[in-house]
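Starting from the structure of chain Z, add chain L where the hints point.
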Amino acid sequence: QSALTQPASVSGSPGQSITISCTGTSSDVGGYNYVSWYQQHPGKAPKLMIYEVGNRPSGVSNRFSGSKSGNTASLTISGLQAEDEADYYCSSYTSSSTRVFGGGTKLTVL
Amino acid sequence: QVQLVESGGGVVQPGGSLRLSCAASGFNFSSYAMHWVRQAPGKGLEWVAIIRYDESNKYYGDSVKGRFTISRDNTKNTLYLQMNSLRAEDTAVYYCAKDRVGATPEYWGQGTLVTVSS
Chain Z
1 QSALTQPASV
11 SGSPGQSITI
21 SCTGTSSDVG
31 GYNYVSWYQQ
41 HPGKAPKLMI
51 YEVGNRPSGV
61 SNRFSGSKSG
71 NTASLTISGL
81 QAEDEADYYC
91 SSYTSSSTRV
101 FGGGTKLTVL
Chain L
1001 QVQLVESGGG
1011 VVQPGGSLRL
1021 SCAASGFNFS
1031 SYAMHWVRQA
1041 PGKGLEWVAI
1051 IRYDESNKYY
1061 GDSVKGRFTI
1071 SRDNTKNTLY
1081 LQMNSLRAED
1091 TAVYYCAKDR
1101 VGATPEYWGQ
1111 GTLVTVSS
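Line order of the protein sequences matches chains Z and L. Counted from 1, the first sequence has number 28 at position 28 by our numbering; the numbering is strictly sequential. The number in our numbering is simply the position in the second sequence, starting from 1, with 1000 added.
With the rest of the complex left out, here is chain Z (with noise of 0.2 Å):
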């Protein structure tokens, strides 16, 4: 199962709004609703931000969105903050019943 596609890093100034993008296949992303991103500070573990594409665990910033079309998931984080800055991981079950992340993203607040 190989690694979902993100781009290694993106940035943005405060109050801005980023997107980053999570390429899979018709085998994974392509084929089921079943996309999560998680966001990652250095040395703690990861948390959940997005399940089933779009929606937000409770306690999670409206701030951050996800969305779906073919075989390319997305996160969009509007109105950027100095704590956003953090590695972001995409997520998607798969047709083998296991589940593969994205290589991460590393974004930074300018």
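None of these hints come from the bench; they were simulated from the model. Be a bit skeptical, because a hint or two may be false.
Derived, one-sided and incomplete: chain L residues facing chain Z with beta-carbon distance under 8 Å [said to hold, decoys possible]:
hint	residue
1	GLY1009
2	GLY1016
3	GLY1026
4	PHE1027
5	SER1030
6	TYR1032
7	ASP1062
8	GLY1066
9	ASP1073
10	TYR1095
11	ARG1100
12	GLN1110
Glycine residues also receive a C-beta, built at the ideal position from the N, C-alpha and C atoms.
What follows is chain L alone, placed relative to chain Z:
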């Protein structure tokens, strides 16, 4: 609140074995699937394995299939990962995670470090 505490990590020689444990509390452990996910130093997340709530199904990532075994004891609210034939590339922080739906890791522990080195 959900709490997951991993233990059992350490230094092991190549070819050796190690068993990780994950103690769960704050939710009905016996009703949820559970995951192991690992992260090599400075690298990204890699999904390792999942076990259904009743052990009816277990699935593994390609890199650990045939070497690692996931199991659980619902009477002790504990998840396990038996790791055999360890290789240097298995060096990582190992996280356990509670499933949501659709094999989605939801809540994560703080991880335990496994180092495979001679």
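### Query
Hint by hint, which ones does this structure get wrong, listed from lowest number up?
Numbers 1, 2, 3, 4, 5, 6, 8 and 9 - these are the hints that the structure violates, sorted from lowest upward.
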